[in-house]
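All chains, please: the whole structure from these sequences, using the hints.
Residue numbers (the working numbering), protein chains in the order written: chain A, 828 to 1173; chain B, 828 to 1173; chain C, 828 to 1173; chain D, 828 to 1173.
Don't take every hint at face value.
Intra- or inter-copy, both count: the list cannot distinguish identical chains.
Claimed, not checked - With a cut-off of at most 20 Å between alpha-carbon atoms, the simulated SDA-like pairs for lysine to any residue come out as follows:
(1) 1033 - 871
(2) 991 - 1021
(3) 991 - 929
(4) 991 - 1092
(5) 991 - 933
(6) 991 - 934
(7) 1033 - 1078
(8) 991 - 1130
(9) 1033 - 1051
(10) 991 - 1122
Just so you know, the hints here were simulated from the structure itself, not pulled from any lab data.
Since this is a predicted model, take the numbers as computed values, not measurements.
Listed below, chain by chain, are the residues.
4 protein chains.
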Amino acid sequence: MQAARLHEYTEEMDSALSIEEVDDPEPTRSDEVVVDIEGAGWCQTDNHVIEGMWAQYMPQDLPMTLGHENAGTVAATGGEVTVVSEGDQVICHPVMTCGLCRPCRLGDDMHCENVQFPGLSTDGGFAESLLTNERAVIPLPDGVDPTDIAPHADAGITAYHAVKGAVGELNPGDHAVVVGIGGLGHIGLQCLDAMSATEITAVDLKDEALSLATELGAHHTVDPTEEDVTSEIDAITDGRGAKQVLDFVGSDETAALAPDTVAAGGDHYVIGYGGHVHEPTQALVNGEFSFTGTLVGQYTELQELVALVERGDVDLRTTRHDLGDVNAVAERLEHGEIEGRAVITP
Amino acid sequence: MQAARLHEYTEEMDSALSIEEVDDPEPTRSDEVVVDIEGAGWCQTDNHVIEGMWAQYMPQDLPMTLGHENAGTVAATGGEVTVVSEGDQVICHPVMTCGLCRPCRLGDDMHCENVQFPGLSTDGGFAESLLTNERAVIPLPDGVDPTDIAPHADAGITAYHAVKGAVGELNPGDHAVVVGIGGLGHIGLQCLDAMSATEITAVDLKDEALSLATELGAHHTVDPTEEDVTSEIDAITDGRGAKQVLDFVGSDETAALAPDTVAAGGDHYVIGYGGHVHEPTQALVNGEFSFTGTLVGQYTELQELVALVERGDVDLRTTRHDLGDVNAVAERLEHGEIEGRAVITP
Amino acid sequence: MQAARLHEYTEEMDSALSIEEVDDPEPTRSDEVVVDIEGAGWCQTDNHVIEGMWAQYMPQDLPMTLGHENAGTVAATGGEVTVVSEGDQVICHPVMTCGLCRPCRLGDDMHCENVQFPGLSTDGGFAESLLTNERAVIPLPDGVDPTDIAPHADAGITAYHAVKGAVGELNPGDHAVVVGIGGLGHIGLQCLDAMSATEITAVDLKDEALSLATELGAHHTVDPTEEDVTSEIDAITDGRGAKQVLDFVGSDETAALAPDTVAAGGDHYVIGYGGHVHEPTQALVNGEFSFTGTLVGQYTELQELVALVERGDVDLRTTRHDLGDVNAVAERLEHGEIEGRAVITP
Amino acid sequence: MQAARLHEYTEEMDSALSIEEVDDPEPTRSDEVVVDIEGAGWCQTDNHVIEGMWAQYMPQDLPMTLGHENAGTVAATGGEVTVVSEGDQVICHPVMTCGLCRPCRLGDDMHCENVQFPGLSTDGGFAESLLTNERAVIPLPDGVDPTDIAPHADAGITAYHAVKGAVGELNPGDHAVVVGIGGLGHIGLQCLDAMSATEITAVDLKDEALSLATELGAHHTVDPTEEDVTSEIDAITDGRGAKQVLDFVGSDETAALAPDTVAAGGDHYVIGYGGHVHEPTQALVNGEFSFTGTLVGQYTELQELVALVERGDVDLRTTRHDLGDVNAVAERLEHGEIEGRAVITP
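Next up, the structure:
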């Protein structure tokens, strides 16, 4: 089959991956599942993998097929699989877990002690087929198209997971700030609106992003190119700050907003990444706030997100691209030229 | 009366405060309380106030009497005070709160919108008497000496508050790390031991501090001058890391321990301060941990700590000093020469 | 002034209260507030007070003016009141609290150790003026009419409090059941819809109530006069049961629904009352569910509910009645003939 | 092999089970595990199964081998088992779960949608060998004897699970009451003491049970045959009631204690069973307390309990009996004549 593979880390996005012929995957264990890919979302993390930013955090044996936002149709199953059968349409939770270690037993899929992460540590879904396992697949409700929903497999679940943490702290009348209304942020904003009665402020550099935010439920918007973010948020929140800030950017600049925008006792969720947190410890003490990292999400959270999609609470903006266009997509994302989420359709 | 007052910010601890005569405080509102001070703990924060580190966070009108860890005997009460009467022995929660704003209504005393902080924003307890209010005083159980318990008013409640946050995440078999077994840390360690069945590792540069930690309940100790902290904690925790780290130091070095010592999904509590948090946002994402600032604690938490003291679960190490010795105490603390907690007895 | 007072417990609703002249209240403490009543909601609990059902739970010194859902305009204030001034429009939290006992310090207003409950333990708001205190009043946002909002002071906060407990357990895709779409239930249903993305089933005996439920956001309705409630809920929830059941009726019949309608690990909130819980302890063990009583709610919860009202998330159905009509209202409520909530306008 | 089997429901404990020869179990799926039983605890629930009390809650196909508190040595494993190998000593979580349904994914083993419960729905451990699966076995730490620890597989985990729920609500100075210091209660009391700094009151009819309670950490004891339980608890708690009551008996009498012993906002955990909860819904509303059923516990909770045992925090009182003595054990338990926990050693 055809697959888009990374042979060496590079900054050159326009020639990063090679399209080549590889063996078709087959189940060898009783719980394995092969999925014919109908949609595989392209993520900022794919660019970061290409640059080698994940090499220190994740074992990576190049060449490797990228692609960790996968959905499609079950093509084959191991001998004891019961959750799905051949022909079922599924979305894939991004990681393959053992179901036996303590984190798995606590529902904490991302920290499985035997985790495999297709597209980051094993071959992913920018290919005609993907090898995964029974614990990673969620059957789709009738009428939900795998290509449309694919980005929820990572962008969606990551945004949902962070929002789920935040809503527990948000009462009616409290304020939340969503920083970055891109692939993840526009999902997070909708989840926040569906799951709470909080006042939402969206922050983004682009006018179209702020318009989209307003359309999707934001009550206030702030454009850092024209306004001072901290004084705007101070005004919006009557000087109290935002109880929860969801930072889908994770740059030096966005992390630095925390001391002056997070309310006492609140949290600044670090979801996007690329920059640094740099603050005096006294600032954290005085404001009694946290920087809280979040990483993807649980299988059960992906189920919950699928339920939100089925209810019509989350609308995903996507564009479709052929497998052969992966490098062009990578290049355009690097320059902020992708609207919504790009989905590869092998 | 005599009071130890700061006239200007300085790095010279040995001449920082002047002992001088000021007017005796009197209640002017119906809820005010005057306490004759029998013990006022000297805190690292007093040194930081002297250096001017709090000027940007707190309105300070110099000259000001320092001292925010106060206990003593009620000398006078406003007309509608019911919680205490003249002659009662009390420990003082460090801040005076209004009881009417939303944070107060939620029990979150430290973030009262009308807060006054004797010793940081108004005159404190390094004096013969202190003006505070009914919402700040807790009557002492019989047999508890005000001078002995005074440091719990800030050191104790601060350590307790952080530990209370941590124990909710600590199940039997989980690991916690206490960094810095000084004035706060030795209290925190005992609270942790009394309130959970967690495995405790103490980290400190001084042998005596580590011996004290073992005596007070630590199961493991690590000395950074002789051992590599992250590899030791890795070994102690079987490679899983510590679910909760309580950092009573807050230096660059201790904050930098987080990515390699905190377990996935865990928290690094920033309690001490003075240095910086400096990490790539990707490190927080990959390890899914938080840096969580904590600031003193609630009135109800001080009640809970008094209950622990009454049960015999927390043993405080103190030394006593005359009001005239405040500058000598400041100087010795600056050089790490105070054992346990110094208490001023005006 | 005129007041509607109970002189003895009775089953005769149509002559229960006497309208009579009493002294105008005046502030005697520094924190007291007198409110000229513009609206006072009539509650099923008023009928229960008349019947003597609260005599064993609450000290009641008859004659007593009833009325515990109060809103109006501040007429006078004690000498240290800062939250409101004469002329401010306010809604009154139902109880007067001390702000000093441990429950108050934890935000738990209903369990204040020095609580006074106007309309249940002291004179209430079916009168021209009410004596309450600063900790009980919430200033109304501009444009919110006191008469319109009065029932939120008890019906609203009680519904909100229970829903707030429930939403913490309700993820997208989970089911909640609201039993009884009357004065409280129609508010609870709207709060549930605004604060979560749960699937909502409404249960009521009356067609109009079920129609209202659908209009206000219920996804499913069940009429026990025509359908078997447990088998309907079984079908609606795919055999899993409802994670949370909010029982605004509290009769023998509604409490008996729990073992067959509540999902494993879920809760049956007892909000309405009048009947009994009667179950084998084995049923609770096998289904691992709870019967959880709830009582009114916190001051901060009333603030949150006012924020929901201001957002337009909660629409209250009321009818207005003169003070002289109190007995007619009581009689009609007893026979289920009040639509929405009756508000007395003294 | 030999097994103790139930052929029909009966009240005659002294002849309830037949010892007979059955086929040895063998793994047929890739994840199955056969354990040679070294200890199988006898539980009050075994008596209840014999009486038929579980027939309405659990599918039971008689004849069936009883025994759900099992520990022993792995004798055989399916082809993909990795957690244990032949010869490993293990304790068995009481249920076999699928690891795939939503409750399993949330860690909620007891509510697995494909659960099998050896000893209640399939053949259990009063036999030489038991068929279970990889998700049910926990390897024992060195030095922990399977026969000694067997009762923790159900009595222990059940007590631990309830206590874990309770300790989250118990701050220093709060009160907890443990009702029934028998097989489960004496474990629960020790867990409570190890995991919190709460004040513990033990209630039991037998002097030896109360002596044991004191020895194991109870601060107060109440004997209902000589004292009025509610007035004693009122006195012990200064009129506030107990924040959490753990009812290991579950009779009419113990359930009826709730309204007068549980503090406002607290919980009465129903762990033991046999009687009824019978209360006016108004009592739950007025006291704002819950009756909360609890059922066994999670696999991860059994891991945590094993950690407590390894720390020396929980001491189990057991007696050992041959497989042939099962009916005598059942008879003696029925008459309250078993000290601690009886363990069958097939």
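Hint check results:
In this assembly of identical chains, the alpha carbons of residue 1033 and residue 871 lie at most 20 Å apart only when taken from the same copy (18 Å versus 46 Å across copies). Taking CA atoms no more than 20 Å apart as the test, residue 991 paired with residue 1021 passes in both settings, with 11 Å inside one copy and 16 Å between copies. For the homomeric pair residue 991 and residue 929, the shortest alpha-carbon distance between copies (17 Å) is at most 20 Å, but the shortest distance inside one copy (22 Å) is not. Taking the closest pair of Cα atoms, residue 991 and residue 1092 come within 20 Å of each other both inside a single copy (17 Å) and across two copies (15 Å).
In the homo-oligomer, the alpha carbons of residue 991 and residue 933 lie at most 20 Å apart both inside one protomer (17 Å) and across protomers (15 Å), since each shortest distance falls under that limit. Proximity of residue 991 and residue 934 under a CA criterion of 20 Å is satisfied in both settings, with 15 Å inside one chain copy and 18 Å between copies. With identical chains, the CA atoms of residue 1033 and residue 1078 are at most 20 Å apart within one copy only, with a shortest distance of 16 Å there and 38 Å across copies. Proximity of residue 991 to residue 1130 under the C-alpha cut-off of 20 Å is restricted to the intra-copy arrangement: shortest distance 13 Å within a copy versus 23 Å between copies.
Within a single copy, residue 1033 and residue 1051 get their C-alpha atoms as close as 9 Å, which meets the 20 Å cut-off; across copies the closest is 48 Å, which misses it. Taking the closest pair of Cα atoms, residue 991 and residue 1122 come within 20 Å of each other only inside a single copy of the chain (13 Å); across copies the shortest separation is 25 Å, beyond that limit.
Checked against the numbered hints above, the structure breaks none of them.
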